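**Student:** Knowing the structure of chain W, use the given hints to seat chain U on it.
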Amino acid sequence: MKKILEVEDLHISFHTFAGEVQAIRGVNFDLYEGETLAIVGESGSGKSVTTKSIMRLLPPGNSEIKSGKILFKDKDLAKATEKQMQKIRGKDISMIFQDPMTSLNPTMTIGKQIMEPLLKHQKLSKSKARERALKLLDLVGIPKPEVRLKQYPHQFSGGMRQRVVIAIALACTPKVLIADEPTTALDVTIQGQILDLMKDLQKQIETSIIFITHDLGVVANVADRVAVMYGGKIVEVGTVDEIFYNPKHPYTWGLISSMPSLDTDDEELYVIPGSPPDLLNPPKGDAFAPRNPYAMKIDLEEEPPMFQVSDTHYAATWLLHPDAPKVEPPEAVKERMDKFREKAAGSIKEGK
Amino acid sequence: MVEEEKLLEVKNLKQYFNVGKTKEVRAVDGLTFDIYKGETLGLVGESGCGKSTTGRSIIRLYEATDGEVLYQGKNVHGKKSKAEIKAFNRKMQMIFQDPYASLNPRMKVSQIIAEGIDIHGLAKSKKDRMEKVCSLLETVGLNREHANRYPHEFSGGQRQRIGIARALAVDPEFIIADEPISALDVSIQAQVVNLLKKLQEEKDLTYLFIAHDLSMVKYISDRIGVMFAGKLMELAPSEDLYRSPMHPYTKSLLSAIPLPDPDYERSRIRIAYDPSQHHYDEKEEVKMREVAPAHYVYCSEEEFEKYKKNYNSKEKV
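Chains as they are written, first to last, in my numbering: chain W, 1 to 352; chain U, 1001 to 1317.
Here chain W stands alone, though its shape is the one from the complex:
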């Protein structure tokens, strides 16, 4: 598979009155053509900052890309000028935001908003753009597009608005689509429809998606690969099966155990103790160590490198070091690992 986007050793800081907040501290990932990469993590882990930096949407006043590269089509977006970025945004890379109530302009008709990128980037004539807008509305499943085109955002429900936002994002068939919690503000039934729509459209226009969410159920539904972020770093990355059935990082264990499954009984839900690290003064060693029940002495002193688990699976935890003691993961995770082993054994038997 071909790489479409490469992020290399990205460091981003925010300058605040309290000092320099190191929001992103060395993030590396690749995005392949046609895949969906989900980025998960708690609020403040840097998932949104990472993706906003790809679009260069961070406030220029107080944010700074300290170092690192964002390679897209042999161009380093980290060094691109505003003018260059304007040509890329909405055309090659576009974004769907969390809240469809605020990401549309309330004073413009839906039609105008969908036509905007078409007129700007593809230099279509007005009538052509209008035709294309109608097609897009139809594509995202909005009935009666001729009528809807002339309506304003307040005349749409939340799910319908998100469909409009998706139509705008896809107007110029971007190579990369960044979806920042696109379904968090919607309820389950509508969420399901939007996820199905996104998967369907992805196949049609062959775009790659970076999907940010904290809902692991959604991740399991949409993702091909998953990157888990903590304290401004990616701590584990792998295919969706590897992350859900064979997680290696204690933080991923915590995330998975804190979700009730439909057969969880009365026992207390697992809670990751403590609070996220203070990125004003990032801790020496592993940022997760103070909250990690499996922490060892070395975790407090030295940051763990990425250890390779398989060709596609990497995790940054000293537990994977050959000298590390064997530890028992939490019960919920062990059950999943058993399933993973069974599956692996099964696929060998089938001669796969």
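If you're looking for bench data, these hints aren't it; they were derived computationally from the structure. Be aware that one or more of the hints could be misleading.
From the structure, some residues in chain W lie toward chain U, with a derived Cβ separation under 7 Å [unchecked claim]: (1) 1; (2) 43; (3) 122; (4) 146; (5) 147; (6) 187; (7) 240; (8) 241; (9) 244; (10) 269; (11) 271; (12) 272; (13) 273.
Have a look at the derived ranges for each label pair, beta carbon to beta carbon [said to hold, decoys possible]: (14) U:1269 to W:146: 31 to 39 Å; (15) U:1277 to W:84: 35 to 43 Å; (16) U:1126 to W:152: 28 to 36 Å; (17) U:1277 to W:283: 52 to 60 Å.
This one's a predicted model, so the numbers in the text were calculated from it and none came from an experiment. The beta carbon of each residue, even a glycine, is placed where N, CA and C say it ideally should be.
**Tutor:** Here is chain U on its own, set in the frame of chain W:
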């Protein structure tokens, strides 16, 4: 549930907006259910189905259009003296969905929490009042230093804890939690849910838990009511509802929950629900019927027989 003491009875509750106008909205349309003392009743449904309105009508944030809400046998709605309303307000409290919008940004945490204490005169002295605020903060897992801060200094999870402390300040018996965790992160959700469970045990609270996250609802609730278009479609003990959902809408809702399990997600089939699939006759009486013990479904006579048969056959397997 050993003793089944009814704490709250909702009888044919109706809440219409814009009555008599062309844009009349029947947000809640004939709702009947009971909440027993010490239990958690979950209320689920898609946005706009009237679940929040139900909560708000019960606590009298809206004046009900029709029907009764009886709290320990006394009607909540209707004409009341100020003293009666005050007494009632102490027993019933609410936790709101959005921890950013439900706390006054100009008030210190201590003022927010102590407002109820002041109104009901629960503190004897200034010192006593501060002591109460501090102990409430500690109950919800914050510390006493937080009392002098403003809401903007807190994270979402912490704010929701402040909202919970405020609700607890007047020692209520019954708490309506309107999507208390929807705006929070997964890891924080677990903290807040654990806290609500712990408080329920310690203080013998009864909850009405409104949410659209079905896996959390199942985890926290003893019984669950499924709402659609202002009506209850199904009401059953949580386990029973998930194991053998009967109403097509419940099935559709259950089929839509994304689970953190990629294998399941790949093979999931989403069931769509169309209210017209029932083909109800005008003459037919459609109402809540008890299909299995404590398992009520909104259905016609004909469907009732069908559901009963299916339920029994499932039991045998």
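**Student:** Are the hints correct? Go through all of them and say.
**Tutor:** Hint by hint, here is what the structure shows:
no. : hint                        : in the structure
1   : 1                           : violated, 19 Å
2   : 43                          : holds, 5 Å
3   : 122                         : violated, 35 Å
4   : 146                         : violated, 25 Å
5   : 147                         : violated, 19 Å
6   : 187                         : holds, 4 Å
7   : 240                         : holds, 5 Å
8   : 241                         : holds, 6 Å
9   : 244                         : holds, 5 Å
10  : 269                         : holds, 4 Å
11  : 271                         : holds, 5 Å
12  : 272                         : holds, 5 Å
13  : 273                         : violated, 10 Å
14  : U:1269 to W:146: 31 to 39 Å : holds, 33 Å
15  : U:1277 to W:84: 35 to 43 Å  : violated, 54 Å
16  : U:1126 to W:152: 28 to 36 Å : violated, 53 Å
17  : U:1277 to W:283: 52 to 60 Å : holds, 57 Å
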